[in-house]
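*Asks:* This is what each chain is made of:
There are 2 protein chains.
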Amino acid sequence: MEGTLVDGIVEVGANGRERFYDARGYGRPRGDGVVLSRVEAAHLLYRGDLDAVDGSDFGAFLAANDEILVPFVVYKDLRDRGFYLSPARNGWVEEPEGIDFVVHPRGTGPWDGEVEHRIRVVSERTDVPASSIGDAVVAVVDEESEITYLETESVEISGSSSFSLDAPVDGTVLGDRVLCWDPPEAIYRRGFYGQPLSGEDGPLQLSLLEAVYLAETGCLEVDGGAERLRARARADEADRFDRRLVAYRELRERGVVPKTGLKFGTDFRTYEAVEDVSSLGHSELLVRVVPVDRVFAPSELALDVRLAHGVRKRMVFALVDGERVRWLSVARLTP
Amino acid sequence: MEGTLVDGIVEVGANGRERFYDARGYGRPRGDGVVLSRVEAAHLLYRGDLDAVDGSDFGAFLAANDEILVPFVVYKDLRDRGFYLSPARNGWVEEPEGIDFVVHPRGTGPWDGEVEHRIRVVSERTDVPASSIGDAVVAVVDEESEITYLETESVEISGSSSFSLDAPVDGTVLGDRVLCWDPPEAIYRRGFYGQPLSGEDGPLQLSLLEAVYLAETGCLEVDGGAERLRARARADEADRFDRRLVAYRELRERGVVPKTGLKFGTDFRTYEAVEDVSSLGHSELLVRVVPVDRVFAPSELALDVRLAHGVRKRMVFALVDGERVRWLSVARLTP
Numbered sequence: 038m039e040g041t042l043v044d045g046i047v048e049v050g051a052n053g054r055e056r057f058y059d060a061r062g063y064g065r066p067r068g069d070g071v072v073l074s075r076v077e078a079a080h081l082l083y084r085g086d087l088d089a090v091d092g093s094d095f096g097a098f099l100a101a102n103d104e105i106l107v108p109f110v111v112y113k114d115l116r117d118r119g120f121y122l123s124p125a126r127n128g129w130v131e132e133p134e135g136i137d138f139v140v141h142p143r144g145t146g147p148w149d150g151e152v153e154h155r156i157r158v159v160s161e162r163t164d165v166p167a168s169s170i171g172d173a174v175v176a177v178v179d180e181e182s183e184i185t186y187l188e189t190e191s192v193e194i195s196g197s198s199s200f201s202l203d204a205p206v207d208g209t210v211l212g213d214r215v216l217c218w219d220p221p222e223a224i225y226r227r228g229f230y231g232q233p234l235s236g237e238d239g240p241l242q243l244s245l246l247e248a249v250y251l252a253e254t255g256c257l258e259v260d261g262g263a264e265r266l267r268a269r270a271r272a273d274e275a276d277r278f279d280r281r282l283v284a285y286r287e288l289r290e291r292g293v294v295p296k297t298g299l300k301f302g303t304d305f306r307t308y309e310a311v312e313d314v315s316s317l318g319h320s321e322l323l324v325r326v327v328p329v330d331r332v333f334a335p336s337e338l339a340l341d342v343r344l345a346h347g348v349r350k351r352m353v354f355a356l357v358d359g360e361r362v363r364w365l366s367v368a369r370l371t372p
Numbered sequence: 038m039e040g041t042l043v044d045g046i047v048e049v050g051a052n053g054r055e056r057f058y059d060a061r062g063y064g065r066p067r068g069d070g071v072v073l074s075r076v077e078a079a080h081l082l083y084r085g086d087l088d089a090v091d092g093s094d095f096g097a098f099l100a101a102n103d104e105i106l107v108p109f110v111v112y113k114d115l116r117d118r119g120f121y122l123s124p125a126r127n128g129w130v131e132e133p134e135g136i137d138f139v140v141h142p143r144g145t146g147p148w149d150g151e152v153e154h155r156i157r158v159v160s161e162r163t164d165v166p167a168s169s170i171g172d173a174v175v176a177v178v179d180e181e182s183e184i185t186y187l188e189t190e191s192v193e194i195s196g197s198s199s200f201s202l203d204a205p206v207d208g209t210v211l212g213d214r215v216l217c218w219d220p221p222e223a224i225y226r227r228g229f230y231g232q233p234l235s236g237e238d239g240p241l242q243l244s245l246l247e248a249v250y251l252a253e254t255g256c257l258e259v260d261g262g263a264e265r266l267r268a269r270a271r272a273d274e275a276d277r278f279d280r281r282l283v284a285y286r287e288l289r290e291r292g293v294v295p296k297t298g299l300k301f302g303t304d305f306r307t308y309e310a311v312e313d314v315s316s317l318g319h320s321e322l323l324v325r326v327v328p329v330d331r332v333f334a335p336s337e338l339a340l341d342v343r344l345a346h347g348v349r350k351r352m353v354f355a356l357v358d359g360e361r362v363r364w365l366s367v368a369r370l371t372p
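Top line first, the protein sequences correspond to chains R and X.
Mapping of the first sequence onto our numbering: position 81 corresponds to residue 118, and the numbering continues sequentially without gaps.
Mapping of the second sequence onto our numbering: position 220 corresponds to residue 257, and the numbering continues sequentially without gaps.
You may find that some hints are simply not true.
A pair holds if it fits inside one copy or across any two, identical chains being indistinguishable in the list.
Keeping only pairs whose Cα atoms sit at most 20 angstroms apart, straight-line, the calculated SDA-like set for lysine to any residue is [stated by the list, open to error]:
| id | residue 1 | residue 2 |
| --- | --- | --- |
| 1 | Lys300 | Arg349 |
| 2 | Lys300 | Gly347 |
| 3 | Lys300 | His346 |
| 4 | Lys113 | Ser160 |
| 5 | Lys113 | Arg143 |
| 6 | Lys113 | Ser235 |
| 7 | Lys350 | Glu337 |
| 8 | Lys300 | Val332 |
| 9 | Lys113 | Glu153 |
| 10 | Lys113 | Ala100 |
| 11 | Lys300 | Glu188 |
| 12 | Lys300 | Lys350 |
| 13 | Lys113 | Leu234 |
| 14 | Lys300 | Val165 |
| 15 | Lys350 | Glu309 |
Rather than coming from a laboratory, the hints here were simulated on the basis of the structure.
Bound-form chain R, shown alone (with noise of 0.2 angstroms):
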């Protein structure tokens, strides 16, 4: 049986619509034929099950259609895992822009119309807006052509964290933290603000973003106040400090704990049911806090997921415009 490639899609005609779409789920029936995407004749070509696109083998499909490559191995390993799948045109599924395949529930295909998972495929070098993200698996294909799925998803943050001082504690800037000398035990028991010198009594140490969050909210007074500290630490961050204090302001208005992340290497790792410090249980969410517009590199998704997975935590990226915070989480994903 052969194909014909026209307008970027390949016609295959009497009965090719019973043997192809009806039986096995590729591409839409038209009259007693169907239509293939690129992708599907590939496929077709590769298991032997069409012999040619307008005299080409396989081979010679893909030397002409080299843009296919990396889709065609994200959808043969999809085909091998069990799932029938719908191209990403426009009249085929719904809402294709951004997408480049939908994968249906096992058990069901493209006459039934049910949604499993909507599938972005990038390989290793493509650019991913942040912006663009939050309501596909994005299937990274790296240089040796093995898949990483990585669900992406926009979500809403909240805890039940909550602690309130009745009167401010005294600080004192020292370099780029601020030490509190005598102050109240629930605000490190409590609050799990700072982190004590020595033992859980006596001194405590905040980090600036801290400092900044409790000088804003009337629990902390140093010289020259919020606006001096929040001067101390542009100095060094510029911007990058203003938008943590936007994510850091936001988790704690949410009942959520954040605190340092460097040991994971992202900004925060929280806690989002603190009562006591002594009965602290793991950080649930690791927190990168990055800017609306940012373009991420794969291998950096990649990388952050891995990591977190690793230490049994959530990767959330908090996009920040503005005051404005968008939670957006990844995950690793095993279709």
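Got chain R sorted already, so can you dock chain X onto it with the hints?
*Replies:* Just chain X now, kept in the frame of chain R:
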């Protein structure tokens, strides 16, 4: 007992030598007395062993010398772990440049002159030029004054993997990879080049990096040769491809097989003894390729090292300077 700050060091008079240097390894003797670095003086003030320096207690002394807070945190941590330390001052230790402290082996002190670690203190936001590390432990103090110790070391890389082909194999450039339609089995099985499209037989996909190296060494023939492949690769990646190629070549020539490290967010994972892919063990190194003038953020180092540790591999940076590579190993250390 009181001290006096003179020219950046704290002098303690009569009996200071016996009490602080001879008995507990602080400072350097001067006559009957002792001279202390400001960090040592702060530690003695903190412990209550020194009453004041020029009338200042611990808090006032730190407030007036706030740049010593971060080194103090590290000094205190290492003292708490049972080590004696010498501040890295000219005449106090050998080669004091670029470090803050020398740590003496447990049970020895400054009078023995033995060195367990050379410590460089950086705070979470300090830039760390790649060229500045390789013979010291970098102690990274995060915002909350938790310390991560990173052992940095210049290393040699070598392995026993070797492979050659009698005759070149033919390949076709397809987008950003090369396909060999009918390659000798050994190129994948024993050379561990490329990735079969399916199973272990049939078409083999090579990355551009693999293809360039094979073409340069006379093992691959493609239209336009290595020059065309390099031009194709540089279109996407410019200098980065050249750097990765220099590192790739050097690894192959040292008997180590590099494969993509995308899943780990690095450039390569490597295998030091490939005989046959059917008996392949785990990869040993994760390699990140950077220009020799690269400046790290401490959190980047922490992220890479944490991940490598989690997957039981060793993190190595390839610092590329023209055609030469310096290999820099970075690992977590618990002092």
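*Asks:* Now tell me if each hint is right for this structure.
*Replies:* Taking the hints in turn, this is what the structure says about them:
1. Taking the shortest Cα distances, Lys300 and Arg349 sit within 20 angstroms of each other both inside one copy (14 angstroms) and across copies (17 angstroms).
2. For the identical chains of this complex, Lys300 and Gly347 are neighbours both inside a copy (13 angstroms) and across copies (12 angstroms), given an alpha-carbon limit of 20 angstroms.
3. Taking identical chains as interchangeable, the C-alpha atoms of Lys300 and His346 lie at most 20 angstroms apart whether they share a chain (15 angstroms) or sit on different chains (12 angstroms).
4. Taking the closest pair of Cα atoms, Lys113 and Ser160 come within 20 angstroms of each other only inside a single copy of the chain (15 angstroms); across copies the shortest separation is 48 angstroms, beyond that limit.
5. For a Cα distance limit of 20 angstroms, the shortest separation of Lys113 from Arg143 inside one copy, 15 angstroms, qualifies, whereas the shortest one across copies, 59 angstroms, does not.
6. With identical chains, the CA atoms of Lys113 and Ser235 are at most 20 angstroms apart between copies only, with a shortest distance of 10 angstroms across copies and 58 angstroms within one.
7. Proximity of Lys350 to Glu337 under the C-alpha cut-off of 20 angstroms is found in both arrangements, the shortest distances being 17 angstroms within a copy and 18 angstroms between copies.
8. In this assembly of identical chains, Lys300 and Val332 lie within 20 angstroms of each other by CA distance solely across copies; the values are 19 angstroms between and 24 angstroms within a copy.
9. Taking the shortest alpha-carbon separations for Lys113 and Glu153, only the intra-copy value of 17 angstroms comes in at or below 20 angstroms, while the best inter-copy value is 55 angstroms.
10. Taking CA atoms no more than 20 angstroms apart as the test, Lys113 paired with Ala100 passes inside one copy only; the shortest distance there is 17 angstroms, against 65 angstroms between copies.
11. Taking the shortest alpha-carbon separations for Lys300 and Glu188, only the inter-copy value of 15 angstroms comes in at or below 20 angstroms, while the best intra-copy value is 24 angstroms.
12. Taking CA atoms no more than 20 angstroms apart as the test, Lys300 paired with Lys350 passes in both settings, with 13 angstroms inside one copy and 17 angstroms between copies.
13. Taking CA atoms no more than 20 angstroms apart as the test, Lys113 paired with Leu234 passes between copies only; the shortest distance there is 10 angstroms, against 57 angstroms inside one copy.
14. Taking the closest pair of Cα atoms, Lys300 and Val165 come within 20 angstroms of each other only across two copies (16 angstroms); inside a single copy the shortest separation is 26 angstroms, beyond that limit.
15. With identical chains, the CA atoms of Lys350 and Glu309 are at most 20 angstroms apart within one copy only, with a shortest distance of 12 angstroms there and 32 angstroms across copies.
Hint check: no violations occur; every hint is consistent with the structure.
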